[in-house]
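Visitor: Listed below, chain by chain, are the residues.
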Amino acid sequence: MKETWKELPIGAIIKEPGTSKRFETGDWRTERPVLDPEKCIHCMFCWIYCPDSSIKVEDGKMEGFLYEYCKGCGICAEMCPTKAITMVREEV
Amino acid sequence: MKVVAKTANEAMAEAMRQINPDVVAAYPITPATEIVQIFSSFVHDGLVDTEFIAVESEHSAMSACIGAAAAGARVMTSTSSQGLALMDEVLYIAAALRLPIVICEINRALSAPINIHCDHSDTMNVRDSGWIQIYAEDSQEAYDSVIQAMKIAEEAFLPAMVTADGFILSHAMQRIDMLEDEEVQAFIGEHKSPYNLLDIDNPITIGPLDLQDYFFEHKRQEADAMMKAPKVIKKVADEFGQKFGRKYGLVEEYRLDDADYAIVVMGSTAGTAKDTVDLMREKGHKVGLLRIRVFRPFPAEEILNALKNVKVVGVMDRADGVNAFGGPVFMEVRAALYESEKKPDVYSFVYGLGGRDVKPVDIERVFQMIMEADKGKKIDRLNYIGVRE
Numbered sequence: 019m020k021e022t023w024k025e026l027p028i029g030a031i032i033k034e035p036g037t038s039k040r041f042e043t044g045d046w047r048t049e050r051p052v053l054d055p056e057k058c059i060h061c062m063f064c065w066i067y068c069p070d071s072s073i074k075v076e077d078g079k080m081e082g083f084l085y086e087y088c089k090g091c092g093i094c095a096e097m098c099p100t101k102a103i104t105m106v107r108e109e110v
Numbered sequence: 015m016k017v018v019a020k021t022a023n024e025a026m027a028e029a030m031r032q033i034n035p036d037v038v039a040a041y042p043i044t045p046a047t048e049i050v051q052i053f054s055s056f057v058h059d060g061l062v063d064t065e066f067i068a069v070e071s072e073h074s075a076m077s078a079c080i081g082a083a084a085a086g087a088r089v090m091t092s093t094s095s096q097g098l099a100l101m102d103e104v105l106y107i108a109a110a111l112r113l114p115i116v117i118c119e120i121n122r123a124l125s126a127p128i129n130i131h132c133d134h135s136d137t138m139n140v141r142d143s144g145w146i147q148i149y150a151e152d153s154q155e156a157y158d159s160v161i162q163a164m165k166i167a168e169e170a171f172l173p174a175m176v177t178a179d180g181f182i183l184s185h186a187m188q189r190i191d192m193l194e195d196e197e198v199q200a201f202i203g204e205h206k207s208p209y210n211l212l213d214i215d216n217p218i219t220i221g222p223l224d225l226q227d228y229f230f231e232h233k234r235q236e237a238d239a240m241m242k243a244p245k246v247i248k249k250v251a252d253e254f255g256q257k258f259g260r261k262y263g264l265v266e267e268y269r270l271d272d273a274d275y276a277i278v279v280m281g282s283t284a285g286t287a288k289d290t291v292d293l294m295r296e297k298g299h300k301v302g303l304l305r306i307r308v309f310r311p312f313p314a315e316e317i318l319n320a321l322k323n324v325k326v327v328g329v330m331d332r333a334d335g336v337n338a339f340g341g342p343v344f345m346e347v348r349a350a351l352y353e354s355e356k357k358p359d360v361y362s363f364v365y366g367l368g369g370r371d372v373k374p375v376d377i378e379r380v381f382q383m384i385m386e387a388d389k390g391k392k393i394d395r396l397n398y399i400g401v402r403e
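Going down the list, the sequences are from chains A and B. Numbering of the first sequence is given in the numbering used here, commencing with residue 19 and proceeding in unit increments. Numbering of the second sequence is given in the numbering used here, commencing with residue 15 and proceeding in unit increments.
Beyond 10 Å from chain B on every Cβ pair, some chain A residues (computed): (1) P55; (2) W65; (3) I66; (4) C68; (5) D70; (6) S71; (7) G78; (8) Y85; (9) C91; (10) E96; (11) T100; (12) K101; (13) V106.
Cβ-Cβ distance ranges computed for the label pairs, FRET-style: (14) D213/B / P69/A: 31 to 37 Å; (15) Y398/B / E25/A: 47 to 53 Å; (16) K357/B / E25/A: 38 to 44 Å; (17) K242/B / V106/A: 49 to 55 Å; (18) K74/A / E103/B: 41 to 47 Å; (19) L225/B / K33/A: 16 to 22 Å; (20) G36/A / G203/B: 32 to 38 Å; (21) L223/B / M62/A: 30 to 36 Å; (22) K242/B / I32/A: 20 to 26 Å; (23) Y106/B / E86/A: 29 to 35 Å; (24) A68/B / E109/A: 54 to 60 Å; (25) E65/B / P69/A: 39 to 45 Å; (26) L225/B / E96/A: 25 to 31 Å; (27) V69/B / K33/A: 27 to 33 Å.
In short, the hints are calculated from the structure, not lab data. Just so it is clear, CB atoms sit at the ideal spot from N, CA and C, and this is done for glycine as well.
Assemble the whole structure, with the sequences as input and the hints as a guide.
Guide: So this is what it looks like as structure tokens:
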């Protein structure tokens with residue numbers, strides 16, 4: 019439950035530092051990228067182009083997406099040479 | 015206490031000197047120029063401890079004031095007309111950040127056509143910016159109100175502007191009872207700040223992005239501060255009255271007790287209007303005057319109470335609503351009176367734009383019109399007084 023107006027600090031200030039870490043911008047997304055691992059050749063095009071550093075890479079392999087920060091722009095799907103990424107509508 | 019002769023500009027500059035703010039950031043503009051000009055000489059002469067920032071515009075002036083106030087400084091500035099308009103977007107930020115900044119404002123018409131003389135269009139333009147607005151009737155009140163405003167602002171954590179009519183007050187010499195420097199310091203007390211950007215042990219973020227999930231709560235909080243401000247303003251005025259003998263309220267009633275007809279005014283016109291009321295009383299007319307001193311927060315209850323037994327009210331606006339229902343003060347007074355049992359008729363009288371002189375005969379004309387309206391004559395809801403027809 020978020021604070022009521024009576025509970026918030028005066029003047030809309032934030033009383034502790036570094037709170038933007040807790041701001042998961044992925045909830046702006048209307049479509050999410052989905053990977054087909056069969057088609058992925060780990061070329062890293064998606065990793066290069068992703069504007070939000072939301073491509074998960076482990077040991078040089080593309081392992082999926084950081085949905086906490088992925089805004090669903092679809093650039094990865096657009097750039098993927100093997101069409102291994104498809105955009106799927108987010109349902110509530 | 016010492017008696018001196020001062021213009022409102024000089025008196026407000028003296029009030030600033032006695033307050034001794036940490037920071038003043040200002041840009042000169044007629045007819046308020048003298049305030050910061052005189053104050054800057056106080057800085058030069060070492061009479062204050064103020065960091066004076068001569069900025070390149072009023073937008074920068076208010077921005078610098080906000081930065082300094084957020085850093086925990088006691089902050090003041092001064093402006094007028096176009097200068098206040100240029101501050102507009104930053105005024106809202108000062109209020110929403112809840113920073114207790116005080117502006118010594120001199121009322122001057124907004125362009126165009128370009129004009130340097132008095133009307134209230136400049137402060138009416140920012141009436142919903144979240145600033146407390148106090149309209150002085152004379153230089154004494156301008157001086158007293160600046161001192162009170164600093165204390166009010168720091169207790170309510172809201173910015174406040176004290177206004178005086180351009181040239182009519184700003185450049186006219188009047189007799190002023192000045193307080194001693196120590197009395198002013200003792201009255202305003204230690205500076206209070208809602209938070210401090212420079213407190214490195216408790217780092218804070220000021221002005222973060224505030225979207226659909228929090229913005230409304232913060233605005234509601236700001237509204238609440240304004241709703242509680244009348245109590246603070248009255249408390250500070252009472253304390254001032256007890257200590258120094260000059261009493262102020264949110265509104266001032268003049269011969270209203272048994273009045274059938276009343277006019278409502280703000281600023282220096284009240285002086286002329288009081289004389290006119292006296293003249294008309296001598297002729298046997300039951301007339302009175304209500305002067306709104308504090309326009310923001312709007313003293314609806316006091317207005318309702320003061321005018322509840324009056325038959326007809328004429329509200330004199332020194333600013334036009336331009337295609338609104340009437341002048342801005344008229345609209346709010348009329349809205350407040352909608353809650354009265356007797357619901358007096360209320361008419362709008364726009365006057366004095368661009369410094370057009372208002373004489374007792376003009377005010378008498380307003381009284382005559384509302385008295386005729388009471389006898390059944392149809393008059394316009396919106397009237398322009400003193401314009402060549």
